[in-house]
Structures are given as structure tokens and as C-alpha cells.
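Participant: For the protein sequence lines, the chains are A and B, in the order given. All letters in the first sequence, in the order written, are residues 239 to 684 by this note's numbering. All letters in the second sequence, in the order written, are residues 239 to 684 by this note's numbering.
Worth flagging that the hints you see were computed from the coordinates, not collected in a lab. In this text, all values refer to a predicted model and were calculated from it rather than measured experimentally.
Which copy is meant is left open, because identical chains are indistinguishable; a pair holds if it fits in one copy or across any two.
DMTMM-like mimics (lysine to aspartate or glutamate), calculated; alpha carbons at most 25 Å apart, straight line:
1) Lys649 to Asp501
2) Lys268 to Asp407
3) Lys268 to Asp412
4) Lys268 to Asp422
5) Lys490 to Glu460
6) Lys423 to Asp535
7) Lys268 to Asp406
8) Lys423 to Asp549
9) Lys423 to Asp531
10) Lys423 to Asp296
11) Lys262 to Asp422
12) Lys262 to Asp412
13) Lys490 to Asp463
14) Lys576 to Asp549
15) Lys423 to Asp533
16) Lys490 to Glu615
Number of protein chains: 2
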Amino acid sequence: MPRTLHLALHPYGVGGPGQHGLWKDPRVAKNASIDIDYYIRQAQAAEHALFDALFIVDSQFINATYPAHYLNRLEPLTLLSAVATHTRHIGLVGTASSTYNSPFNLARRFASLDLISGGRAGWNVVTSFDTGTARNFGLDEHLDYATRYGRALEFVEVARGLWDSYEDDAFPADVARGVFLDPDKLHALDHVGEHFSVAGPLNVSRSPQGQPVIFQAGVSEEGRDLAARVAEGIYAPGGTLEQAQEYYADIKRRTAAYGRNPDHIKIFLHGGPVVAATDEAARRREREIFEEDNDFDRNLALLGRSFGAYDFSVHDLDAPFPDVAHLAEKGGRTGAAKLIERARAEKLTLRQVAESVNQFRRSPFVGDPRTVADTIEQWYDAGTLDGINLAFRTEEELNLFVDGVVPLLQKRGLFRTEYTADTLRGNLGLPVPANRHARERALAAG
Amino acid sequence: MPRTLHLALHPYGVGGPGQHGLWKDPRVAKNASIDIDYYIRQAQAAEHALFDALFIVDSQFINATYPAHYLNRLEPLTLLSAVATHTRHIGLVGTASSTYNSPFNLARRFASLDLISGGRAGWNVVTSFDTGTARNFGLDEHLDYATRYGRALEFVEVARGLWDSYEDDAFPADVARGVFLDPDKLHALDHVGEHFSVAGPLNVSRSPQGQPVIFQAGVSEEGRDLAARVAEGIYAPGGTLEQAQEYYADIKRRTAAYGRNPDHIKIFLHGGPVVAATDEAARRREREIFEEDNDFDRNLALLGRSFGAYDFSVHDLDAPFPDVAHLAEKGGRTGAAKLIERARAEKLTLRQVAESVNQFRRSPFVGDPRTVADTIEQWYDAGTLDGINLAFRTEEELNLFVDGVVPLLQKRGLFRTEYTADTLRGNLGLPVPANRHARERALAAG
Numbered sequence: 239m240p241r242t243l244h245l246a247l248h249p250y251g252v253g254g255p256g257q258h259g260l261w262k263d264p265r266v267a268k269n270a271s272i273d274i275d276y277y278i279r280q281a282q283a284a285e286h287a288l289f290d291a292l293f294i295v296d297s298q299f300i301n302a303t304y305p306a307h308y309l310n311r312l313e314p315l316t317l318l319s320a321v322a323t324h325t326r327h328i329g330l331v332g333t334a335s336s337t338y339n340s341p342f343n344l345a346r347r348f349a350s351l352d353l354i355s356g357g358r359a360g361w362n363v364v365t366s367f368d369t370g371t372a373r374n375f376g377l378d379e380h381l382d383y384a385t386r387y388g389r390a391l392e393f394v395e396v397a398r399g400l401w402d403s404y405e406d407d408a409f410p411a412d413v414a415r416g417v418f419l420d421p422d423k424l425h426a427l428d429h430v431g432e433h434f435s436v437a438g439p440l441n442v443s444r445s446p447q448g449q450p451v452i453f454q455a456g457v458s459e460e461g462r463d464l465a466a467r468v469a470e471g472i473y474a475p476g477g478t479l480e481q482a483q484e485y486y487a488d489i490k491r492r493t494a495a496y497g498r499n500p501d502h503i504k505i506f507l508h509g510g511p512v513v514a515a516t517d518e519a520a521r522r523r524e525r526e527i528f529e530e531d532n533d534f535d536r537n538l539a540l541l542g543r544s545f546g547a548y549d550f551s552v553h554d555l556d557a558p559f560p561d562v563a564h565l566a567e568k569g570g571r572t573g574a575a576k577l578i579e580r581a582r583a584e585k586l587t588l589r590q591v592a593e594s595v596n597q598f599r600r601s602p603f604v605g606d607p608r609t610v611a612d613t614i615e616q617w618y619d620a621g622t623l624d625g626i627n628l629a630f631r632t633e634e635e636l637n638l639f640v641d642g643v644v645p646l647l648q649k650r651g652l653f654r655t656e657y658t659a660d661t662l663r664g665n666l667g668l669p670v671p672a673n674r675h676a677r678e679r680a681l682a683a684g
Numbered sequence: 239m240p241r242t243l244h245l246a247l248h249p250y251g252v253g254g255p256g257q258h259g260l261w262k263d264p265r266v267a268k269n270a271s272i273d274i275d276y277y278i279r280q281a282q283a284a285e286h287a288l289f290d291a292l293f294i295v296d297s298q299f300i301n302a303t304y305p306a307h308y309l310n311r312l313e314p315l316t317l318l319s320a321v322a323t324h325t326r327h328i329g330l331v332g333t334a335s336s337t338y339n340s341p342f343n344l345a346r347r348f349a350s351l352d353l354i355s356g357g358r359a360g361w362n363v364v365t366s367f368d369t370g371t372a373r374n375f376g377l378d379e380h381l382d383y384a385t386r387y388g389r390a391l392e393f394v395e396v397a398r399g400l401w402d403s404y405e406d407d408a409f410p411a412d413v414a415r416g417v418f419l420d421p422d423k424l425h426a427l428d429h430v431g432e433h434f435s436v437a438g439p440l441n442v443s444r445s446p447q448g449q450p451v452i453f454q455a456g457v458s459e460e461g462r463d464l465a466a467r468v469a470e471g472i473y474a475p476g477g478t479l480e481q482a483q484e485y486y487a488d489i490k491r492r493t494a495a496y497g498r499n500p501d502h503i504k505i506f507l508h509g510g511p512v513v514a515a516t517d518e519a520a521r522r523r524e525r526e527i528f529e530e531d532n533d534f535d536r537n538l539a540l541l542g543r544s545f546g547a548y549d550f551s552v553h554d555l556d557a558p559f560p561d562v563a564h565l566a567e568k569g570g571r572t573g574a575a576k577l578i579e580r581a582r583a584e585k586l587t588l589r590q591v592a593e594s595v596n597q598f599r600r601s602p603f604v605g606d607p608r609t610v611a612d613t614i615e616q617w618y619d620a621g622t623l624d625g626i627n628l629a630f631r632t633e634e635e636l637n638l639f640v641d642g643v644v645p646l647l648q649k650r651g652l653f654r655t656e657y658t659a660d661t662l663r664g665n666l667g668l669p670v671p672a673n674r675h676a677r678e679r680a681l682a683a684g
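Kindly generate the complete structure, drawing on both the sequences and the hints.
Facilitator: Now the structure itself:
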């Protein structure tokens, strides 16, 4: 079986979690996160390097303690639409919440991006996790886990139904017969479910890739289940090689259990690689990045975020970790419950817990270009990933990876040497979903 | 006082109401309405001609009887974002419904477009009028008039509040002091109103024009009131010169009554001009367009649309107009009540009413370039318009206007000979709204 590693680029802008100090780097423009030219340059560099996709993450709630990139950034689909006309091959994956959107609007926006880009749109489905976001949408408390995931599943099903409103040959545009639309090939949805009622049809036709690609980032039990049911790409949590193997095998097994081909869900590991001229320089750079970002007050605020933006500074830092079990549900992250459990088991103080939540994520891919290529190959062969979602602190580091690591991966037959498709599905090796109505018609015709 | 006519371009794509046959024209690409390159070309041609704005209308409900352009088109903001990076001066006005969006999401998307375009975004606020759209958003019946307009007003107020989340100098990005954001210049909104609760702040900063420009198309009493309160641009209904004068004076008077400067609301008349080499050729062309579009079955379906997509074909065509007063509220258009009134007063049959609803709108601007320029000047001087929203059936007709009519308007000092601003506000002569928090701070400081 051919080895086909997939690469995506996740632009950091002026710095998200784990890179709070990035904006101070003289090589980083202070307005990167709101500068469309920065994103166009990033996308073009990634396309030049034959990457599969540009991946735009998102969040909707901020306060003054948030990382610089979160404070002031462009909405993902507005951003990607502008990038679309300046690129030709690279996929455009945008994050949008299934909790705070309506299926008709969002399906329409992704369908529009898919047409504008000629079949390169992807949707990273998130359910949003904090009370702060809920309060921007008229809710006092965040929806609970089960409701959010049930809603996400139904949302994706409705969106996919809407994306099939038109069969591929719905528009003969035949002047001689005076027929623009063949009305038999336009289908209402008439969906009535637990969370949504949507009549349809959608007023947008399908793109060359049939439907946008669904991405997800399932970590919890509910998240993994949702991913296995509907995702075609996953933004995986990472961790140690063993943890990544467990996650990879679990997702592929769950996907197969739903009757799906496990090759049709591509698992991307987060990798903020640190590449330098020598292994030692890379390790030194990694330590620098960690230290730069390690700020006690910020870590305390970050800790609060997992508990629904709770203010831990009202507690004694050196007393045992306070009883905040009732807040864990609000944060809605599995992480909150785990933190409480660990604090109790290890008898940690609030200070000790806060010190442990620095969001710097150690990348497995640290070293000179050869070391990084070796490690990627090792992780790929160990069954931990189908792709890597790469984040670089500066354009210089991106270029170091592209010029140093990519050619080695190509030489080993692990990465493409040219684009073989113009759609995101094509490059990811995902099938084009047949229009459901055309399929039914074909079945009925025998 | 200098005369400053404003011009906007409203692309027809493959043909909306009143141009159902447009897609058959060999000069119109069959995929124009979903081809981003078509829109980029239109925007660039309009910018070359120094137009103020590109105006993108919208709707969200379709069935197979709808005009070709409605059936399959791009979502306005996704479209405009792609156009933004291929233009530098022209304003980008997109239509979005205040009934079927949430303020946080929509404010964020327009703010993003405003940053991407360097201060050229405008929002045409519509409340959406049909039951069909409601059924795409989980509602069985459309919200009534008063609720929709109350919601629209509050929606715009919330959006403007969110757009002021950051003061203009909120981001010193001062490396020496380690200060990216000045937290005193970030403001939550904490809005709690009849229709919305939105905490804020928005995670996007202000653009060079401060806030996107608000457009509206107020026709009814509620619509005119909303326009006078919040709109900075109006898409006016047109009609005879006397009707347009009445409307213009009424809107300016209402705006002044709210304590606003009536010059800060720009009234755009719809004008699908018909320009040809001679007056006679233009009138002939106008008749052709009308005849081409006059189809009885379609007119009957259009009639139904004003009554909540009611199917009139179940009635005897030659009997008196049926009693559908109970449906007029559903359609939610003042037009429905007027149609019933006229049918009763003039004792019309269903057939006669249906024949009267052809959506072709006679433009006042028909003739050779000189006649069209004369008529525009006459209407401008008569106090009917500040600008015209121009729609052309083909790129050829657009060029005829640009090359024939625009130079005459310029010669008469009615239209600009170069752009004097890079923002939509700048070109429209609208003030940049000061950030409300900065204003309060200045007032407090005396």
C-alpha cells in the first residue's frame, strides 16, 4: 500500500495558546491575525509546498487575558473565501460551531466557499465549550455535553441533506428547450428532528467535490463517537506515541464499526515542529519557547477557563485545590474533571495545579531536518497519523520545514511531488459522495 | 452646494425578478450567479468607472418557479470577501437578514469583511418576508411585521455596540512594555433586550471606516421608521418622479425628526437603465425585455409569493379575485393588502390580477447616453435620489453606460472624476462614527 502523508498548515497569527509571547517576535507582524495578506501568503507558501490544506481554528469568546491571536482575528469563512481566489489546489478548512449557528445558513456558506474555491472547502465542526460563548448567544449556561453532541450530529446530517438539494445535472440551461432548471432534480429536505426543522431546498448547487469535507476534533467519548459517524478528517489530540497509537486505532475501529471505510477518515496530529540547523539548536529553541510562555497569572486564568471562566484568584494559592466539582460541567471539557481527579489523588495545591496547565504542547517533531523527517516517518509507520497539522511561529520556520524537511519526505516516498487533484477530497483520497437522490433514482431504475 | 451623485452596481447574474429570460441571452454565462470571476469582473468594471459600491441582494427560500439567479447563487458575504482582495476602492454591500441570524455572528462577519476590504463593508439589513424562509429556520410561520422590525432595530443596535468593543487605540503592541492589548480599551456590551441578550465583547477590532455602513430598504411605515433611525443608505422603491420625490422628502424628514443629519442617509433609486445608440432603439429594447419576461404561469406563482407562497392555481382564473385576506399577513408585504384592495375596488378577476404582477420594473433611465444623462440630472435636481443602484442585463450594457453616460455626468459636475477616499464611508460622504467608549472617556475628561 502506498504511503501518503497529508500536511496541513495552521497559521498562528500573533500567537494562540502556548505562544502568548509570539507577537513580541520582531519577525511577526503585529497585525498578522487581521491581515488578509498574511493569510494569503501563508496559503500560497503551503500550496507551493504541496500541502493538502490550510486549517483555520476559531473561538468566539474573549476577555483581556486571552492570547493575542484570539483577541482580534478574522472570522474563518470570510477569511478563507478571500484566500480561495489566490490559490488553486490547497484545501480550505474553516472552524464553525454547530451550537451557535443554524444549519441552513452555515450549509449555504460552506457550499458557497466550495463553489468559489472549485471544490476545496472543509468544515471543522466544533460544539464550543465555554459559558462565555453561550452568553454571546443569549444563553446563560452552556448546553450540556450530550445535547451539544446530539445537536452536532443532527446539524451535520441536515447540512449534508441540504448539500444534496440539487443533483449534479440539475441545470441543463438548455436555451432551445427553454429549460434552465430540471425541476425533478431539485429536492426539498423536509427535515424534522430533535434539534432542527429545516424544509429546504438549499439555493446552492454542488461543487466539483460534491460536498465540503467534514473535520472534527473528537477527544471525549461523545466526540470520538461523532467523529466515527460523520468525520472525514480529524484534528487529533496528540500526546505520546503510545497515546497517539491508541487514539488512531480507536477512531479507525469505531469508524469501521459504523460500517464506514476506515481509510475515509484521515487523522491529523497537531505538530508545531521545531526545526533548526542542528538537533541541539532545535531543543534549545523549544526550551526558550516554553519559558517565554510560562506566566503564572495567565496559567491561573487558563485554569479558570476550563471551569466556565471561573476566577481562581479568590482562593488561597497554597491551600489544597478548592472544591470546584460543580463547575466542571460548565466548562464542559473532559479536562476539568481530570484536573480535579488528579489534584485530589496527588493532594495538589491550587498553585501546583495552575503551574501544570501551561498550554505549551511539546511537539514530537523537534530537531534538524533529518531528525524531524525521521520522526515523522517513525510516527507514520507506527500507526499514529495520516497527516500532520503543522503550526509555525514565523514564516522563517515555515520555510525551514518546507525547504529542509519536505524534500526528505518526498525522497522517502511519503509525500507527494505534485498535486494530483484540484479538490480537497481528491488530495486527501476521499471519495466524492454521490448525490442521495441521484443514487435513489439509479437504484429505482434497477 | 456641490452635486455628488453616487452610483452602485447590482449584478443580475443569470437573471432575477423581471429578467427571467436573461439566462438565455448568449452574452450571459450560464453559471454567472455562481462564478466568482463574474463578480470580480463586475466589481472591477464598476471600480474602473469610479462607482461607490457593489450591491449584492439576497433571498433564502426557493422553489422551482423562482428566477434563475435565485435558484443557485453565492451567499453575499462569502462572495464579497472574495471580491474584496481584487478591488481597492469600491464599497461592498451585502444583504443579510436580521430575522434569521444572530447579532454576534453577523457583526463578526461584517467586521471581518470590513477589515479584509480596508473599510469598504456595508450591510443591507432585511427582515425577510416569506413563510418559505421561516421554514428553513425551524419556524412554521413567519414572524409578524412589528416583531421583525423591532428585532431588526435591536439587532442593528447590538451589532453597533459589538463593533465598538475595541477603541481604535486598543492595541499598542508595545514590545518594550510587554503590552499587546490595553485592557481598559476593551469593552463588554452586556446587552439585555427584548429580542437579544449578548454579553460581548466582539473579538474583532474596528476598521478604517469605524463601522460597516448600514443600508436598508424601507417601504412600509415600519420600514421607513427603521431606515430613518439607523440607515445610512437606502435602497428606494422608485416609481414615478412624484412618488420618488414624496419618498425622498419623507425619509429625509423622518431622519431629521430623529435628530440625525438628513445628509447622512443616502437614498439610492433602483435603475435598470436601458441605454442604446438612439432613444428609439432603447425604447424598442425595453419593450423586448418586458415581453420576454411576461409569462402567465410565472406571474401566477409570483402572485402567490406575496401571500406566503400560496398556490392560486387551485382557483377559477376568471372568477372574481378569491378571498385571501387571511393570507396577506403571512406574506408580510404591504403589497399583498394593496392587491386585495385594488382587486375589490376594480372588481378584477384572478387572471387580471395575475397579469398585473409582472415584476418588470420600468426604469426612468431609457434612451441614448445623452437622454439617460439628462434624465438622471433631472431626477437628481428634482430631489428624488442621492444615488442610483444600477443593474445591467449584460456586460455590454454596463460598458455602454460606463463609456457613454458616466463621462456626461462627470462633465456636468454630477459625478466624481477620481476616487477621493478608500473607504465606503469616505466615498459616500458619511462620517466615521466615533467609538462610543472613547467618546464617553473624552466627555468624562471634560
